[in-house]
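Following the hints, position chains B, C and D against chain A.
Protein chains in written order, with the working numbering: chain A, 916 to 1062; chain B, 916 to 1062; chain C, 916 to 1062; chain D, 916 to 1062.
I should point out that these hints are in silico values taken from the structure, not numbers from a laboratory.
Beta carbons: idealized from backbone N, C-alpha and C, even for Gly.
Wrong hints could be hidden among the right ones.
[As the list claims (entries may be wrong)] If the Cβ cut is set under 8 Å, some of the chain D residues that face chain B in the computed set are:
#1 Leu918
#2 Val995
#3 Thr996
#4 Thr1048
#5 Ser1050
#6 Pro1052
Number of protein chains: 4
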Amino acid sequence: MDLQMDGAALEAFMATHFPQVSDDFRVRSVSSGGLVLEMRVRDAHLRPGGTVSGPAMFALADVAVYLAILAQIGPVALAVTTNCGIDFLRRPPAGQGLRAEARILKLGRVLAVGDVLIFSQGLEAPVARASLTYSIPPGARRGPGMG
Amino acid sequence: MDLQMDGAALEAFMATHFPQVSDDFRVRSVSSGGLVLEMRVRDAHLRPGGTVSGPAMFALADVAVYLAILAQIGPVALAVTTNCGIDFLRRPPAGQGLRAEARILKLGRVLAVGDVLIFSQGLEAPVARASLTYSIPPGARRGPGMG
Amino acid sequence: MDLQMDGAALEAFMATHFPQVSDDFRVRSVSSGGLVLEMRVRDAHLRPGGTVSGPAMFALADVAVYLAILAQIGPVALAVTTNCGIDFLRRPPAGQGLRAEARILKLGRVLAVGDVLIFSQGLEAPVARASLTYSIPPGARRGPGMG
Amino acid sequence: MDLQMDGAALEAFMATHFPQVSDDFRVRSVSSGGLVLEMRVRDAHLRPGGTVSGPAMFALADVAVYLAILAQIGPVALAVTTNCGIDFLRRPPAGQGLRAEARILKLGRVLAVGDVLIFSQGLEAPVARASLTYSIPPGARRGPGMG
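Only chain A is shown next, with the shape it has when bound in the complex (with noise of 0.2 Å):
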């Protein structure tokens, strides 16, 4: 499936559409099968002793897999979240950024499912991994669909 939106398309959709936490994601690479994102970590994000909050990388992994969906439908800002299953696997170390892998499972209808592996730099294990799904708002898909 052809690519709808590329990096640089991704970012500027969100400092238009989500102009308060824009600055925070810088996307690495896009693909048909994922996307790489990374958060800048800062003091809003952090809890005592340096680590980043669970709402900060619940934030990570929303938006990662959004971008991942959009950059295969394109921009449709009414795609909402309506599950979200994460894991948290180990305190990240303070003071590091983190990195998240997602990758598309299902790009329906009416349904997207993705899933994410979130990264501390410095740490080879993952710090989360959670999963996603969004409503997709009727009329938004183009093109063929994958399941």
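Just chains B, C and D now, with coordinates in the frame of chain A:
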């Protein structure tokens, strides 16, 4: 089971250990079965259109169940969220505060599990549902467990 | 919202569409808010030690929420489970039947969400908790939705 | 990390501890990173139309990750599933066997976490995705942990 902490003690614990977010939350009631927590919605919690963001609802769910557990076992700053499953059910109306109603389902030697419904002011049906698991550090429990 | 099916209609629906498992289940009560379903535990459901297997509890949770939804929207055999999150809280005592208490949290145009607590006879605390999402085929809904 | 059990040892463990289901499963490969497990689909696993039931796919996911963990830590019959999140992505074609590809994400002192993709013969895209958490009884772990 006797409560180890009341609402005032829980809010004082939050102010000490989570100063970045404690101003957002107010404990409305706490009992052996559960806890009601309100979140003041700030601009940083909002998405375009004024709706509350997913990460903000995740944070509310996490804090509500965490405090419900602390009320039972006492001030254990090291209890760690290991898993969260969250369903986003309806878009919260713009500009309304949120209320979380949490209950504890298991309070074991190493794991505690609770779930929570999130409501928006002026809407009878819940806007989100979440269940969370926490790992309890060795030696933290006091008194006999439930499960 | 008026009920579209009562307990007898739900059991008849199961016997027609799921004859392999319908003998295991009995609808104890059904209302606009939820449904109570009992499962007769058979040898095929057991693990060594006599405890009920995870897949058997998953099946009970899935059937309970599915029937609670059908009670509201009528006999829609094509509604499909898209997501389930389940927490196993305590080992069910050997040789005891199980009871599921399901409630509906969202009954939308394309998605329905419910959750359920599973209890074992002779144990006050729940043995499992689950939440499930169903995709509802176009045209299946009748009457006004909840959300 | 060295493997504690190979495919033959894992199948022998299943035959001893889970005789009711062990005939359904074959370990195709096992490595330090994961495990591939095949499930023979029997009539009891089917729903009308010939598709594999949700509980049967749940069982496959559970057994695959469980065996992947045992391969690492040795024969610990008491490891208990505490949480499962599963997404059903596509309806498996009728009459086809299933294959689970499991990987371990965390192997800690008290918790182990893995995830799994389930594939149907003759279909490239996965039919389901699941993540599972297991509680490991005290004293069961051997050797240094990953996390």
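Against the structure, the hints:
no.	hint	result
1	Leu918	violated (26 Å)
2	Val995	violated (10 Å)
3	Thr996	violated (12 Å)
4	Thr1048	holds (6 Å)
5	Ser1050	holds (7 Å)
6	Pro1052	violated (10 Å)
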